[in-house]
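Here the protein sequences come in this chain order: A and B.
Going by the numbering used here, the first residue of the first sequence is number 1, and it counts up by one from there.
Going by the numbering used here, the first residue of the second sequence is number 1001, and it counts up by one from there.
What the hints contain is simulated information worked out from the structure, not anything from laboratory work.
There may be inaccurate statements among the hints.
[Unchecked claim] Sample of chain B residues lacking proximity to chain A, with all beta carbon distances greater than 12 Å (derived):
hint, residue
1, L1007
2, K1015
3, S1026
4, L1037
5, L1044
6, R1075
7, L1089
8, L1113
9, V1121
10, G1130
11, S1164
12, A1166
13, S1169
14, V1179
15, T1184
16, D1227
[Said to hold, decoys possible] Label pairs and their computed distance ranges (CB to CB):
hint, chain 1, residue 1, chain 2, residue 2, range
17, B, S1040, A, S244, 37 to 47 Å
18, B, L1124, A, Q61, 43 to 53 Å
19, A, K166, B, L1037, 50 to 60 Å
Glycine residues also receive a C-beta, built at the ideal position from the N, C-alpha and C atoms.
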Amino acid sequence: MDIKSTLSKPPSSSWNWFLFAAPSRFYFLAKKIIPLCWALAFVLGAIGLIMGLLYAPTDAQQGDAYRIIFIHVPAAWMSMLLYVAMAFWGAMGLIFNARLAYRLSNSIAITGALMTFIALWTGALWGKPTWGTWWVWDARLTSELILLFLYIAYLSLYSAIEDQRKASKAASLLAIIGVVNVPIIYFSVKWWNTLHQGASITVTKTSMQSTMLMAMLIMTFAFWAYAFAVILSRVNQKTLDEESHTDWALTELKRLKATI
Amino acid sequence: MQKISTLEILLAVFKRDISLALRRQSDTLGAVFFFALVVSLFPLAIGPETKLLQQIAPGIIWVSALLAVMLSLSRLFNDDYQDGVLEQLALSICPLALIAVAKILAHWTYTGLILLCISPVLALQFNLSGIAIEVLLITLFIGTLILSFIGSIGAALTVGLKSSGALISLLVLPLLIPVLILGTLAVDAATANLPYSVYLYILLALAVLASFFAPLACAAALRIALD
Chain A
1 MDIKSTLSKP PSSSWNWFLF AAPSRFYFLA KKIIPLCWAL AFVLGAIGLI MGLLYAPTDA
61 QQGDAYRIIF IHVPAAWMSM LLYVAMAFWG AMGLIFNARL AYRLSNSIAI TGALMTFIAL
121 WTGALWGKPT WGTWWVWDAR LTSELILLFL YIAYLSLYSA IEDQRKASKA ASLLAIIGVV
181 NVPIIYFSVK WWNTLHQGAS ITVTKTSMQS TMLMAMLIMT FAFWAYAFAV ILSRVNQKTL
241 DEESHTDWAL TELKRLKATI
Chain B
1001 MQKISTLEIL LAVFKRDISL ALRRQSDTLG AVFFFALVVS LFPLAIGPET KLLQQIAPGI
1061 IWVSALLAVM LSLSRLFNDD YQDGVLEQLA LSICPLALIA VAKILAHWTY TGLILLCISP
1121 VLALQFNLSG IAIEVLLITL FIGTLILSFI GSIGAALTVG LKSSGALISL LVLPLLIPVL
1181 ILGTLAVDAA TANLPYSVYL YILLALAVLA SFFAPLACAA ALRIALD
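I would like the entire structure built from these sequences, with the hints used as guidance.
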């Protein structure tokens, strides 16, 4: 075996935590996972929507308007989870000085911001028919809005710094500071809300019907699969872009060009 | 060579920043006048109704103070970065986080403390009661300190950028929402003759946390920029 091929195709070494930290290994792993995630996202999304929109019973109090829950709740869950994931990979990047972790962190940010926006938007659409208003200064709504601002801050700091390495580091640091602050913000907003409005509007707690719950869980998994697919695609694109000086990336780029 | 202690370095940094601020009067006083102006704009926009103005005064004064502090933040590290002083400070024997503390305290002295001095006058314009003004001053005292500490992180993250003004506000303001909430809640409670000390304790707790962690984050951000 000549040196070149050993470099481009690392021998299958024994498992360790950094096995897939090598961009080339991660690239080919992600490439295999991405189509799987897309398939899962579409299949689960179709099943979840059919169950939720056609088979789940109409809510006694809210009518059919509640059905936006099947988009709204998964998006809201994802928005919070992705922020933590973004900060986690940012921290990994800073601790281990790993390019791949930074790329993951950056790739998560855009999807996270999108999820936050979807959660807010569908929340407004849900609020109009059920609460009679597009927006209330409820603790949850307000903290979700602040979360959107935190995502925007991350993205704008990242794009404002020209040197990419510095941008990744600075944005990761901001994400970590943000994640420490999120609980403080949430509790202070909650406190502010309970003290400012006597009786705020709350969704009446009814035990959820099982078809509804199933549909919502399936939709959540669909959102997960979508997020994985998009984030990994973005990471792979960044990898090819930033590693274009390496042999394996060049051959991969040539191969991709040939297939177009 | 003469040995210099850490404390002497910190004092020198503090004094230097203060004297720089004193020589840049248009900037230092500018923030104060900006504060007074923004506070005065609200009655013009909302109307001269005394009852309503009295009710929203704590919020107005707090938001204006936030914005005024944001104005001066972009210069906290940027000038030193441009002329190379920051690099020298990073190379000194004194830890960068401690130097950040000295600079942040200087920043608070030439912004927060001055805002604090004129805020009672502004509060009188809104017909706030004596106890409300007292609580407002206490919350502003603790609050502006937190603003300087947390704001310094934003200033450090945007060091060396061409247009950092709006970006700093975008980075820092979401993080300062708890301070804003607690500050206004305390004054509201004082106006309504309710116990308010709990808000002050939480504000103090936040100040302690911010004054410990913010300089560390600040130093990390500065090292990234100087890298």
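Outcome of the hint check:
1. The beta carbon of B/L1007 is kept farther than 12 Å from every beta carbon of chain A, the shortest such distance being approximately 28 Å.
2. With a closest Cβ-Cβ approach of about 29 Å to chain A, B/K1015 is found to remain outside the 12 Å limit, as its non-interface label requires.
3. Once the 12 Å rule is applied to beta carbons, B/S1026 is consistent with being away from chain A; the minimum gap is 26 Å.
4. Here B/L1037 stays apart from chain A, with its beta-carbon at least about 25 Å from theirs, past the 12 Å limit.
5. In this structure B/L1044 is separated from chain A by more than 12 Å, as the shortest Cβ-Cβ distance comes to about 25 Å.
6. Consistency note on B/R1075: stated as away from chain A, and its beta-carbon is indeed over 12 Å from all of that chain's, at 17 Å minimum.
7. Non-interface call for B/L1089 relative to chain A: holds, since the shortest CB-CB distance, roughly 19 Å, exceeds 12 Å.
8. Every CB of chain A lies more than 12 Å from the CB of B/L1113, the least distance being 25 Å, so the non-interface label holds.
9. For B/V1121, the condition that its CB be more than 12 Å from all CB atoms of chain A holds, with the nearest at approximately 27 Å.
10. In this structure B/G1130 is separated from chain A by more than 12 Å, as the shortest Cβ-Cβ distance comes to about 23 Å.
11. For B/S1164, the non-interface assignment is contradicted: its Cβ lies about 8 Å from the closest Cβ of chain A, within the 12 Å cut-off.
12. Against chain A, the non-interface label of B/A1166 is violated: not every CB pair exceeds 12 Å, the least being about 9 Å.
13. In this structure B/S1169 is not separated from chain A by more than 12 Å, as the shortest Cβ-Cβ distance comes to only about 10 Å.
14. Distance check on B/V1179: its Cβ comes as close as 9 Å (rounded) to a Cβ of chain A, failing to clear the 12 Å threshold; non-interface status is violated.
15. Its beta-carbon lying about 8 Å from the closest one in chain A, B/T1184 breaks the requirement of being farther than 12 Å from that chain.
16. Non-interface call for B/D1227 relative to chain A: violated, since the shortest CB-CB distance, roughly 6 Å, does not exceed 12 Å.
17. Distance hint for B/S1040 and A/S244: a CB-CB separation of about 57 Å, inconsistent with the stated range 37 to 47 Å.
18. Distance hint check for B/L1124 and A/Q61: the Cβ-Cβ separation is about 50 Å, which falls inside the suggested range of 43 to 53 Å.
19. A hinted range of 50 to 60 Å for the beta carbons of A/K166 and B/L1037 is inconsistent with their spacing of about 36 Å.
Of the numbered hints listed earlier, those contradicted by the structure are 11, 12, 13, 14, 15, 16, 17 and 19.
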